[in-house]
Amino acid sequence: MADHPSQLIACQYCDLLQREIPLNPGCSASCSRCGAVLYRNATDSINRTLAYTLAGAVLFVVANVFPIFSIEMQGDRAGINLYGAVRSLWDQQMESISLLVLITAILVPAIELISMLCLLLPLKFGRVPAGYTVFMRTLQYVEPWGMVEVLLLGVLVSLVKLTNSFKVIPGIALWSFALLTLLLAAAAASFSARDVWARLDREKGTRVSR
Amino acid sequence: MSGKAVTAAGRDLCSCHVCNLVSRWQPSAGPAYCPRCGATLHMRKPGSVARCWALLIAAYILYVPANLLVIMETGSFISYRKDTIVSGVVHLWQTGSWMIAVIVFIASVIIPLLKLISLTLLLVSVQRRSRWRPKQRTRLYRMVELVGRWSMLDIYVVTLLAALVQLGSMATVKAGPGAVAFGAVVVLTMLAAMQFDPRLIWDPFQNEEIND
Numbered sequence: 001m002a003d004h005p006s007q008l009i010a011c012q013y014c015d016l017l018q019r020e021i022p023l024n025p026g027c028s029a030s031c032s033r034c035g036a037v038l039y040r041n042a043t044d045s046i047n048r049t050l051a052y053t054l055a056g057a058v059l060f061v062v063a064n065v066f067p068i069f070s071i072e073m074q075g076d077r078a079g080i081n082l083y084g085a086v087r088s089l090w091d092q093q094m095e096s097i098s099l100l101v102l103i104t105a106i107l108v109p110a111i112e113l114i115s116m117l118c119l120l121l122p123l124k125f126g127r128v129p130a131g132y133t134v135f136m137r138t139l140q141y142v143e144p145w146g147m148v149e150v151l152l153l154g155v156l157v158s159l160v161k162l163t164n165s166f167k168v169i170p171g172i173a174l175w176s177f178a179l180l181t182l183l184l185a186a187a188a189a190s191f192s193a194r195d196v197w198a199r200l201d202r203e204k205g206t207r208v209s210r
Numbered sequence: 211m212s213g214k215a216v217t218a219a220g221r222d223l224c225s226c227h228v229c230n231l232v233s234r235w236q237p238s239a240g241p242a243y244c245p246r247c248g249a250t251l252h253m254r255k256p257g258s259v260a261r262c263w264a265l266l267i268a269a270y271i272l273y274v275p276a277n278l279l280v281i282m283e284t285g286s287f288i289s290y291r292k293d294t295i296v297s298g299v300v301h302l303w304q305t306g307s308w309m310i311a312v313i314v315f316i317a318s319v320i321i322p323l324l325k326l327i328s329l330t331l332l333l334v335s336v337q338r339r340s341r342w343r344p345k346q347r348t349r350l351y352r353m354v355e356l357v358g359r360w361s362m363l364d365i366y367v368v369t370l371l372a373a374l375v376q377l378g379s380m381a382t383v384k385a386g387p388g389a390v391a392f393g394a395v396v397v398l399t400m401l402a403a404m405q406f407d408p409r410l411i412w413d414p415f416q417n418e419e420i421n422d
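Line by line, the protein sequences are chains U and H.
End of the first sequence = 210 in the working numbering, gap-free, step of one.
End of the second sequence = 422 in the working numbering, gap-free, step of one.
Hints listed in this document are in silico derivations from the structure and should not be mistaken for laboratory results.
Treat each hint with caution, since some may be false.
Stated by the list, open to error - Ranges of calculated distance between the beta carbons of each label pair, as one might list FRET restraints:
(1) U:R19 x H:S297: 47 to 57 Å
(2) H:S238 x U:L182: 34 to 44 Å
(3) H:P256 x U:A189: 28 to 38 Å
(4) H:S297 x U:A189: 36 to 46 Å
(5) H:I327 x U:I169: 34 to 44 Å
(6) H:S340 x U:M73: 28 to 38 Å
Every residue gets a Cβ at the ideal spot worked out from N, C-alpha and C, and that includes glycine.
If we strip away everything but chain U, and leave its shape as in the complex, we get (with noise of 0.2 Å):
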């Protein structure tokens, strides 16, 4: 018993090996070596993160299509969005950083809103999602380069640094950044990796040993 593998739980940062406790709800485990977290306890994961996922996929939408601030001069009022900016970073042959930008602020976020739809509505109704392992390592490997809350401090530097010298009107999609940052972050703390793969598991109807 105590050396079946599905019960212990090595470190991700040390590797030390330990046993798994059953935690109470809100509660996290710490490697009792380095002090990383190891596994939470999240309450009602699956349908909270879910929640959260929809609201911020509808968000998402309108904060990319809306302009986040206009500017007025003259009595002209020029809109700017976050594809429009990317657009003109590209025509201005900054290839690389306008790149950088889709893919940090606009394809990651939208990857991931998408995986974990196609993950969690399946699991919501007691099916196993199709490829899940393919969306599990997707969220995984493009959890890092998702910047949503960076580029919400950006939008507000830029504001402060265009106040000095044009008449800024805030837009829909300023607001929607930032609860969209909320909600994303909502997400990934109600999130729980560790849940979905044992409800999979419960869902196969297989115990994996070994």
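Place chain H on chain U using the hints.
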């Protein structure tokens, strides 16, 4: 655990980097796959130190043009200026936006520098099989992982301001070559941090007593 640290590697067990499942490690049987998710299993990230060094050295080299070259040109009727990262921060400070100046200074100057130094320290200590403060070094690594993304701030600011050209000839903002180098430094240091395997910090302690 009674003071004796047992690692997965010490028991011939390997934890999957995708799903964290601990499974038995058979080195002779060729490439091993996780029984649950099918990912290739590795005891430690392959070639971790060499890859991390390569990316880090590239980042060091690009750090020079990133700081010396112009990242943004701003022009309007009254003024025309070319800013590097540091001169941009100084300009913000002088025009009275202290808060923003501090935020940009931390994100664009302090964080990249700390990342380069921290990763160098981690790599050197791991290569020398140092036993010096493993807990603090692990924490340092986690901080590097967590904080690295915020350096992208300046890239986003340049992107959003560059969109002003859509407004015609009144004001122009152009991204400069420094932005490309700076973006590359951010990406390279993030990749370097991903290649580093923090378990290497603890490996010199294997099969040894650890006094809390």
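inquiry  = Are any of the numbered hints broken by this structure? If so, which, sorted upward?
reply    = 2 and 6
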